[in-house]
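Heads up: the protein sequence lines correspond to chains U and Z, in order.
Take the first sequence: its letters are residues 0 to 382, numbered as in numbering that gives the first Met the number 0.
Take the second sequence: its letters are residues 0 to 185, numbered as in numbering that gives the first Met the number 0.
Hints were generated in silico from the structure; no laboratory data involved.
By construction, the Cβ of each residue, glycine as well, lies at the ideal position given by its N, Cα and C atoms.
Worth double-checking, as some hints may not be accurate.
Residues from chain U shown here face chain Z by an in silico Cβ test under 7 Å; the list is partial [unchecked claim]:
1) W64
2) R65
3) G69
4) I72
5) F108
6) A350
Coverage of chain U stretches by chain Z, computed from C-beta distances (three or more under 8 Å per stretch; other residues unrestricted) [stated by the list, open to error]:
7) 143 to 151
8) 165 to 176
9) 199 to 208
10) 227 to 239
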Amino acid sequence: MLAGLALGLALATPARSEPATASGRDACAPVRAQPDPLPDLQQLAEAICRALWPDALPSDAAERWRLRIGGWIDGSYRDTDSSGGDDSIALNHANLHVDVRLDDRWQLFFEGEYEYEPALIEESDEREWSDERGWELEQLYGEYRYADFLRARGGRFSTPFGYWTPVHWSINVDTIEAPLYEENRIVPEQQIGLRVFGSIFSDRIRELQTEIEYSLYGGYGEDGWATGKPDGLTLGTDLRLRLEDRHMLGVSLYTQENGDEDDRRENNLMIYAETRLPFDLLLRSEYVRQHRNRTRPGYVHNADLFYAKLRWDFLERAYLNYRFEYGEDDRLGETVDHVAHRFTLGVQPIARIRLKAEYARHILEEGPLGDYDFWGISAGLFF
Amino acid sequence: MRLRSLATSLVLAAALAGRAEPPLEPIVLIVSAEWPGPDAIDLPTLRRVYLDRQGQVGGARARALHMPSGSPIRESFSHTVLRRSGARLERYWIEQALLGEGLPPRELASADAVLRRVRAAPDTIGYVAGGDLERLRPEGVRILAIASDGRALLPGDEAYPLHFRPVPSPAPRGDGTPLGKGGADP
């Protein structure tokens with residue numbers, strides 16, 4: 000049969016007369032990985048595509064055009080026995096994102112989000128849950144892809160700093176509460192500026208399949224730009240090494256002047272690693288050090304924050320996650336050593352539904368405030 | 000003695016069951032005859048192309064095409080090449096959507112459609128069953144070998160890694176196929 004197959008190709012004859020290009024209708028097929036019974040926004044994307052590319056049009060451009068519209072919502076019930084803490088039930092996020100591929104090289108991306116994420120803060124020596132909520136422009140950028148090793152992205156984009164920050168969406172991560180370095184907003188979630196990045200692939204390092212991802216970026220922020228703390232120029236870089244699609248090691252650097260802290264200079268170093276282990280275990284750790292050139296009384300010059308987590312996918316669609324966190328926490332009126340042990344059970348009946356139940360023990364080793372427990376459940380849906 | 004007869008029965012049952020299964024068929028990678036890329040691709044590179052993490056192979060642009068979701072050939076291809084469970088793969092694509100990164104490969108309805116698309120778009124990579132390739136005898140496409148340990152493996156080579164077990168078509172009544180042996184019975 001195989002000899003015939005090779006011969007068939009060598010002596011190939013046309014099977015039938017066919018159009019040289021596929022139809023525009025094919026090109027508008029929804030961008031889905033796996034079908035499931037729930038409706039999603041890809042039907043809207045499909046309708047837009049059909050309006051833009053009538054069937055009669057030659058399809059080469061239509062084939063390269065792709066539109067992905069998506070969104071998600073999540074809500075949670077949270078409780079704590081912390082002084083000043085209270086239970087809350089809330090819609091935490093409603094997110095919409097639109098990804099347009101104009102062709103193989105050009106991309107436009109938009110992401111907007113309603114956000115209400117209760118966080119423990121201290122006001123006038125009393126702890127309470129913050130109550131900030133509202134709509135935010137998360138990302139809006141254009142990208143040009145020259146090649147895999149060279150891409151450029153301009154606009155408002157997620158900060159490529161470590162593992163968590165670029166993939167920070169609450170519905171997407173393993174836990175309900177974020178790690179301490181994220182809760183402390185050590186670096187802004189987004190930048191307004193330019194990012195140059197790419198990937199280089201090789202199997203020449205000890206014959207291991209190797210992928211090196213790099214990122215260089217610079218931004219600018221000031222009051223009214225909704226960029227968080229930065230005042231003036233920001234600069235950062237991120238370098239990741241992936242081996243055999245199982246192991247990852249990365250380092251990030253980032254510097255900014257913090258407008259909320261009298262324009263002090265903050266230099267950040269992040270080292271992070273991840274490895275997939277036997278028995279469906281995954282181990283990940285991130286360590287951040289932030290150096291400040293000046294601080295207010297009671298705060299440290301060098302803040303260290305760290306977490307290590309072990310996730311066990313004990314079923315195809317269910318996992319257990321334990322995370323140990325340590326950090327010099329600045330949210331409580333002074334720098335306080337903060338340790339947390341966090342246990343999360345995650346269930347995904349289908350990939351687009353995310354359910355989580357979480358318990359965390361918070362230990363504040365210094366300062367006048369006591370330890371506390373956190374319980375929460377959350378539910379999220381991608382659409 | 001009873002153990003021996005039990006073992007003999009198991010071996011016989013296994014042999015009969017094995018005979019009932021259709022033979023493995025190669026999954027053949029195809030590209031346009033005009034594709035300027037290499038003659039062979041290794042599985043990790045192929046995986047990255049299908050996960051849309053790599054858009055060029057040997058300096059040539061490469062866009063992946065999939066067979067229909069749930070088809071035996073796609074399941075086998077995903078199992079061997081992508082090395083991710085279905086649930087993990089779904090999570091991967093959702094995260095890619097949030098990141099504004101990779102898009103799932105375009106999905107086409109049949110081997111015929113894949114062959115036509117590959118021929119029409121010289122930067123696409125697809126896969127079809129060896130039998131379909133032989134049956135359709137397309138022009139303007141070529142087989143892409145799989146690179147492994149310095150060798151370029153073609154379908155039929157002993158070490159060729161991509162195969163699947165096709166689901167047999169329902170046999171017409173009265174063809175002598177014993178009930179329960181053709182895979183078409185409920």
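Inset, instruction - Would you check chain Z against the segment 143 to 151 of chain U, counting CB to CB pairs closer than 8 Å, and say if three or more residues qualify? - result: holds (count 3)
Inset, instruction - Mind checking the CB of I72 of chain U against every CB in chain Z and telling me if the closest is under 7 Å? - result: I72 of chain U check fails; min Cβ-Cβ to chain Z is 14 Å, beyond 7 Å.
Legend entry - Whether chain Z covers the segment 199 to 208 of chain U (at least 3 residues having a Cβ closer than 8 Å to its Cβ atoms): holds (count 3)
Inset, instruction - Count residues of the segment 165 to 176 of chain U with a Cβ under 8 Å from any Cβ of chain Z, then say if the count reaches three. - result: n = 4 at 8 Å, threshold three: holds.
Legend entry - Given hint R65 of chain U near chain Z, where the shortest CB pair must fall under 7 Å: 6 Å, holds
Inset, instruction - Please count how many residues of the segment 227 to 239 of chain U have a CB within 8 Å of a CB from chain Z and say whether that reaches 3. - result: violated (count 0)
Legend entry - Interface hint for W64 of chain U, Cβ within 7 Å of any Cβ on chain Z: This hint is violated: W64 of chain U lies away from chain Z, its Cβ roughly 11 Å from the closest one there, beyond 7 Å.
Inset, instruction - Tell me if G69 of chain U is really an interface residue toward chain Z, meaning its C-beta lies closer than 7 Å to one of theirs. - result: Where the cut-off is 7 Å and the nearest Cβ of chain Z is about 5 Å from G69 of chain U, the hint holds.
Legend entry - Hint check: 7 Å Cβ-Cβ cutoff, F108 of chain U to chain Z: F108 of chain U check passes; min Cβ-Cβ to chain Z is 4 Å, inside 7 Å.
Legend entry - Hinted contact A350 of chain U with chain Z - closest CB pair below 7 Å: OK, holds: A350 of chain U within 7 Å of chain Z, min 3 Å.
Hints 1, 4 and 10 from the list above are not met by this structure, while the remaining hints are.
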